[in-house]
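Please arrange chain B on chain A, whose structure you already have, making use of the hints.
One letter stands for each residue in the lines below.
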Amino acid sequence: MKEVVLEPVSQPDCGLVAEVISCDVFAGRSIREIEELEVYAGNRRARLGEFFSVSGSAADSAEETRIVITGSVEKTKWIGRGMSAGEIVVEGSTGMYTGAWMKGGRITVKGDVDSFAGMMMSGGEIEVHGRAGDYLGCAYRGEWRGMRGGSIVVHGDAGTEAGHCLSGGRVTVMGRAESFAGVRMRSGLLVLGSAEPRVGAQMTGGSIVVLSPAELLPSFELVERVSSPEVEGVRFEGVFEVYAGDLAERNAKGRLYVKVE
Amino acid sequence: MKLVLKNGYVYDPANGIEGEKMDIFIEDGRIVEEVKGAKEIDCSGMVVMPGGVEIHSHIAGGKVNTARLMRPEDHLRNVAPRGRNTRSVCGYSTPSTFLTGYAYSRLGYTTAFTAALPPLMARHTHEELHDIPMLDKGALTVMGNNWLIMRYLSEGRIEHACAYAAWLLRATRGYAIKAVNPGGSEAWGWGRDVRSLDDRVPHFDITPREIIAGLMEINERLSLPHSVHLHPNNLGRVGNFSTTLETLELTKEVKPSRERQVLQLTHAQFHSYGGDSWKNFSSAAEEIAKAVNSSDRLVLDMGQVVFGDTTTMTADGPMEYYLSSLTGLKWANKDIELETAPGVTPFVYSEKSPVAGVQWAIGLELALLVEDPMRVMLTTDHPNGAPFFTYPKIISWLMSAKSREQVLQGLHSAAQKNTVLGSIDREYSLQEICCITRAAPAKSLGLDSKGHLGVGADADVAVYALDPEKVDPAREPEAVERAFSATAYTIKGGEVVVRDGEIVRVVTGRTLYVEAKVGEELEREIMRDVDYYFKRFYSVNLANYPVQDVYLTSPHAVKVDAGVR
Chain A
1 MKEVVLEPVS QPDCGLVAEV ISCDVFAGRS IREIEELEVY AGNRRARLGE FFSVSGSAAD
61 SAEETRIVIT GSVEKTKWIG RGMSAGEIVV EGSTGMYTGA WMKGGRITVK GDVDSFAGMM
121 MSGGEIEVHG RAGDYLGCAY RGEWRGMRGG SIVVHGDAGT EAGHCLSGGR VTVMGRAESF
181 AGVRMRSGLL VLGSAEPRVG AQMTGGSIVV LSPAELLPSF ELVERVSSPE VEGVRFEGVF
241 EVYAGDLAER NAKGRLYVKV E
Chain B
1001 MKLVLKNGYV YDPANGIEGE KMDIFIEDGR IVEEVKGAKE IDCSGMVVMP GGVEIHSHIA
1061 GGKVNTARLM RPEDHLRNVA PRGRNTRSVC GYSTPSTFLT GYAYSRLGYT TAFTAALPPL
1121 MARHTHEELH DIPMLDKGAL TVMGNNWLIM RYLSEGRIEH ACAYAAWLLR ATRGYAIKAV
1181 NPGGSEAWGW GRDVRSLDDR VPHFDITPRE IIAGLMEINE RLSLPHSVHL HPNNLGRVGN
1241 FSTTLETLEL TKEVKPSRER QVLQLTHAQF HSYGGDSWKN FSSAAEEIAK AVNSSDRLVL
1301 DMGQVVFGDT TTMTADGPME YYLSSLTGLK WANKDIELET APGVTPFVYS EKSPVAGVQW
1361 AIGLELALLV EDPMRVMLTT DHPNGAPFFT YPKIISWLMS AKSREQVLQG LHSAAQKNTV
1421 LGSIDREYSL QEICCITRAA PAKSLGLDSK GHLGVGADAD VAVYALDPEK VDPAREPEAV
1481 ERAFSATAYT IKGGEVVVRD GEIVRVVTGR TLYVEAKVGE ELEREIMRDV DYYFKRFYSV
1541 NLANYPVQDV YLTSPHAVKV DAGVR
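Protein chains in written order, with this note's numbering: chain A, 1 to 261; chain B, 1001 to 1565.
In case anyone wonders, no lab produced these hints; they're calculated from the structure. Hints may be right or wrong, so weigh each one.
[Unchecked claim] Below, computed lysine-lysine pairings styled on BS3-like, alpha-carbon distance capped at 27 Å: (1) 1470/B <-> 1402/B; (2) 1039/B <-> 1006/B; (3) 1352/B <-> 253/A; (4) 1279/B <-> 253/A; (5) 1330/B <-> 253/A; (6) 1252/B <-> 1290/B; (7) 1039/B <-> 1002/B; (8) 103/A <-> 2/A; (9) 1290/B <-> 1279/B; (10) 103/A <-> 1352/B; (11) 1417/B <-> 1402/B; (12) 1417/B <-> 1279/B.
Since the model is a prediction, treat every value here as computed from it, not as a measurement.
One chain only, chain A, in its complex shape:
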C-alpha cells in the first residue's frame, strides 16, 4: 500500500469543497497532479495544493492507496465522496459530507465528523473516534431511499436524525444519539448507546437496538422480552424489551430493542 500525506496548510473561512480527496481520484496520479486537483473555496475555484502540502505517492489503484490527513480540517467537505476502495485516515476532524455516497474502502477519523457523514453510503466502512454531527448515515435531502450498505461506527455521540431513512447497512453510535435517530428507517441496523426521545419515529422496517433504557413514542408496542438476542446477525448481551413500530405508519415492520438489564 502506498501513502499520500496531506498536511493542512490553511482552511478557508467558508467551506472547502474537496470531493477530490478520494483514493479513486488520487490513484495513478503524481504528487504534482494531486496538488493541481480542483477544489472550491466558497465559489472560488482553487488548487488542492493551496490548502494542503502533499507528499508521499499514490498507487496505481484505489485499493492500494492510503490517504493520511495529518490535522483537523473542519471546513473541508466531501472527503471520500463516492470512494470505492482504499483508505483515508484523518488525524483530526473533518467537515460535512465525509464519505457521502461511499461504495467501498475505509475512512477513519480520529476526531469528529460534521453533519451528513456517510450520506447515501452503499458500502465500505467509516469509523469516527470522536462525535458525529446531525444526519449521520442519512438520505440526501428529499430522498426516502437512504444509506443501503456498509458500516458506520461512531465512538462518541451523534447529533439528530442519525440513520435517517436508513435502507440497509449498519450505523452504530456508542454514545448518545440526539432526537429522531432512525427516523423513517426502512431496513438495516441502527445501534445506539443511548437515545433521546422520538427514536425510530416513522420507521417502517429494520431494527434499532438501544443499549440503555429509552423513552419511546406511544406508537411503539411491546412485543416480548428477550435475553441476548441476535439482531440482523449481531448478538447483543443482556435483557431487552422488543417493540414493534412505528405503528403510526402503514404496514410498519420495524423492531426496536431496548436494553433493560
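Chain B only, in chain A's frame:
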C-alpha cells in the same frame, strides 16, 4: 437569415412527402420556395423533419414548481455547469426551466404546450414559460372544475359560459380549454371525488357528463383552434376504461366547427385500464383504440410509461392523494380556490411490478392499435408516465417489435398475460413517427404554420443523423434511439440553435394564446358575475388576475370570432 438544408431525406406527412431526397429553403424564419446565395447545410444521409410539437407536458406552473420544491433529490440528476451558451441546469423529472428548453431543443422539438394552467396560477406559469428558452410555447387553461363555468352550464346559460371561457383564455393568455377530472377536483375540496359521469358535483347542480358536454359545446361555439383537451374522470383506477368509453360517446353529439377532432383524450394510457382489482389489472387498449378508429371526432395522446423514478403531478387532487396512499411516499396538495386542486407525489415504475408492466404495454398498444397515426400523439404526460427525455426510447419501441419483445420478456408475467402487445407486429415508419411527434399535434392544436415543411410554414426543422437507406429501425432500435436523442441540427425560426447535440444559440420563442371575440354586451354581463366572485370568494383582486403581455415572450395572439354575441 437564409438557409438551405441540402439533400436530406425529407419527411413531411402533411404535404405527402415521405423520405424524398430534397432541399428545404429558409428565409426570414419561414420555409420558402427557393432562396439564392444562402448558407448551405449538408443533410445528405440524414432525416429532415419539421420541428417537434409537444402537445401535453407539465413544463411550467404551480404544481411543477411545487414538485421542484418537493424533490431536491431529483435535482442531483442532469447536473451541468454553465456552458458557453447555456445556463447551469439540473433535474430529471422536475427539470429546471432552462434545461426544459435546451433538452426539448436537442430532441428536435421547437414548440411545447404546458398541459394544465390553473387560471389563478397564470402569471406564475407565464413567468416560468418566460424562462424556457428555445421553444414556442402555449398553455392549456384548466376549466373543468371552475365555479362560474359549472354555474353557467348548470343554469343552461351557454352564451355566458362561452363568453366567460373566452375571457378566461384571454385573462390567462391560454391557448385551449383543458378539463381535468371534471367535477372531481371540485369534489376533492370536500374530501370526495366523482366516480362516474353521473355523480353530482357537491354544491353544484351538475354532473361530469354535463360539464364535458358543455365544454365541448363552448369550444365549438367559439370555434377555438384546438378541441377540448380532456383528462377524464377515474384516472389510474382499475377498470376505468368503461368511464373513458362513456366519455368518448359524448362526442357523437358534438358538431366540429373546424377540420379537427372535438375531443383530445389526453394521456390515454392512464384511462385504458381493465380488470376489477389490482390483482387482475389488465389492458383495455383495444376498446379505446376501437373507439378512436371508428370516429373522426377523436384523437388521443399516449401518456406512455417508461420504467424508472418520476414525479406525478396533475390537477386531479383526489387521484394524487389516492396514489400517495398506495405508495406511502410524500405528497403535496395544491388547492386553487374556485378553479381546481392539483396534487404532486413521486412514483417509481418498476419492471418487477405487474401493474407498471401492464401500464407500459398499454401506451404502446394504443399507439399501435390506432390505425391513423394522425390521431395519435407521442406523450409521456411528462413527467407523469416518464420525463420527456425518454422519447427516443419510445420511438425505438414503436419502430421495432423486436425491441418491445426484449423489454416484455424482462417484465412481470402479468405484462404478457394481461395485454396484447406481444401479438402486435406493427412497426412504425419514420413517416408515422413524424405524424405522432409533429403533424398530428400541430393539426390537433390548429397550428397551421407548424408540423409541416410546406411553403409559408415556420422554419422550425429537426435534422437527425439517421440514414434511412442504411439503417433498418426494426433491426437496429439502438441506432434509432441514438439518432433521436440529439439532433444533428435543430433550426428554430430559421436559425441553427443545436448542432450535433450542442446548444449553439439560445433563442426566445413566442408565446401563443387565443383571443376569442364575443359580444360586448355579453361580456359586460359576465364581468358582473366575475366581479362578484372576486369580491366574494377569491383571495386576489380582479385587477391583479389577468396576465399582461409583459409576462410573455413575444406574445402571439391567435384571433377567432365565431359570432358569439
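Going down the list of hints, with the structure as the test:
| no. | hint | verdict |
| --- | --- | --- |
| 1 | 1470/B <-> 1402/B | holds, 18 Å |
| 2 | 1039/B <-> 1006/B | holds, 10 Å |
| 3 | 1352/B <-> 253/A | holds, 22 Å |
| 4 | 1279/B <-> 253/A | holds, 23 Å |
| 5 | 1330/B <-> 253/A | holds, 19 Å |
| 6 | 1252/B <-> 1290/B | holds, 15 Å |
| 7 | 1039/B <-> 1002/B | holds, 6 Å |
| 8 | 103/A <-> 2/A | holds, 20 Å |
| 9 | 1290/B <-> 1279/B | holds, 25 Å |
| 10 | 103/A <-> 1352/B | holds, 25 Å |
| 11 | 1417/B <-> 1402/B | holds, 18 Å |
| 12 | 1417/B <-> 1279/B | holds, 12 Å |
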